[in-house]
Amino acid sequence: MNNAAFKQNIFPLVKRAYPMLVRMLSDEEKAKDALQDILVKLWQNRRKLEQHANIEGYVFLVARNHCLDKIRERKKLGVSIPVSENLPQDIDGNTFAKEELTKQIYKLIEMLPESQREVILLRDLDGLDYTEIETITGLKTSHLRVLLSRARKQIREQLQKIEQDEKTTVR
Amino acid sequence: MKKQQSDELLKKYEAGLTSLSEEEQLREAAEDLEGADRTWFSFLKKNKATIPTDLDVLLQQQMRKQQRSIRLRQFTTVAASLVLFFSAWIFLKMHQNQQEQIRKEALLQEAISMVSDSEENSAKTVLYQDEYVIIYTK
Chain A
0 MNNAAFKQNI FPLVKRAYPM LVRMLSDEEK AKDALQDILV KLWQNRRKLE QHANIEGYVF
60 LVARNHCLDK IRERKKLGVS IPVSENLPQD IDGNTFAKEE LTKQIYKLIE MLPESQREVI
120 LLRDLDGLDY TEIETITGLK TSHLRVLLSR ARKQIREQLQ KIEQDEKTTV R
Chain B
0 MKKQQSDELL KKYEAGLTSL SEEEQLREAA EDLEGADRTW FSFLKKNKAT IPTDLDVLLQ
60 QQMRKQQRSI RLRQFTTVAA SLVLFFSAWI FLKMHQNQQE QIRKEALLQE AISMVSDSEE
120 NSAKTVLYQD EYVIIYTK
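These protein sequence lines map, in sequence, to chains A and B. Residues in the first sequence are numbered from 0 upward in steps of one, following numbering that gives the first Met the number 0. Residues in the second sequence are numbered from 0 upward in steps of one, following numbering that gives the first Met the number 0.
Chain A extracted, bound-state conformation (with noise of 0.2 Å):
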């Protein structure tokens, strides 16, 4: 793969996996510097990548295992981020209230089976399609979707429980 096609074929990808990136190191400027090693390790390996079946998923499969060794190498310096705290976005504005259920929106996916909530933040989150997940997970997109659907009926299940909590304190 020479310089052209490398740009045309992998920069668009490498940019698509910048929200994972985000969501996984929880620091922009982390994910930046992330995502120029990745660059250069897909440079490295670029014969390889050419004679990849599924490049889309391959790259996906880099970036995420790159923020797996970066999350890793932070683990052993004992500095460790969980998922709740990932993302500092609020859902509406900025009070107090709307931090809290994001925080507790995150608290949800955290809570769900290790399968599903890797499948619900590839695709709702990072915005990854099926035969990128499927290269990252290794499984089916048969097997995605029951995830999938299974963990968003037990986000939107909590969350209809906490609303009529919060309908039933304020009564």
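It is worth saying that the hints were derived from the structure and are not from the lab. There could be a bad hint or two in this list.
[What the hints assert, rightly or not] No farther apart than 30 Å at their CA atoms in a straight line, the calculated lysine-lysine pairs in the DSS-like style are these:
1. B:K47 <-> A:K74
2. B:K45 <-> A:K160
3. A:K106 <-> B:K10
In this text the structure is predicted, and so the values were computed from the model without any measurement.
With chain A held as given, fit chain B onto it using these hints.
What follows is chain B alone, placed relative to chain A:
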């Protein structure tokens, strides 16, 4: 988005059957949804990291840096090879010169020894000399 349309999409979404663009539509229409759906899609809308505009520049810079380092590595390899080649050449040349010097010195020594022999002989007194034999004293 109309309620009927959003309800259909929500059903599909919950079954894991929506496409990425349909999911994007739901996120965009978060404000029109109700209850848990509104909360969830508002959360997704706010928490999905947007791709910064300067990311392309960053990637281009990284790419240039990478290519520069490759060129530098190639240049270093060629330079190191040349240094090695010239060092070997100089060493061989010096070795050859040394050998030549030794050979010349040996020849000189041989010549000197021949000269000193004739001088030695001339100092002797010849007692008898014919066609075949020379008899001399020290």
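Given the hinted pair B:K45 and A:K160, is their alpha-carbon gap at most 30 Å?
-> holds (22 Å)
Within a Cα-Cα threshold of 30 Å, do A:K106 and B:K10 meet the stated pairing?
-> Given that 30 Å is the threshold and the Cα spacing comes to 24 Å, the pair holds.
Holds or violated: are the alpha carbons of B:K47 and A:K74 at most 30 Å from each other?
-> Judged against 30 Å, a Cα distance of about 25 Å means the pair holds.
Going down the numbered hints, you'll see the structure goes against none, and every one checks out.
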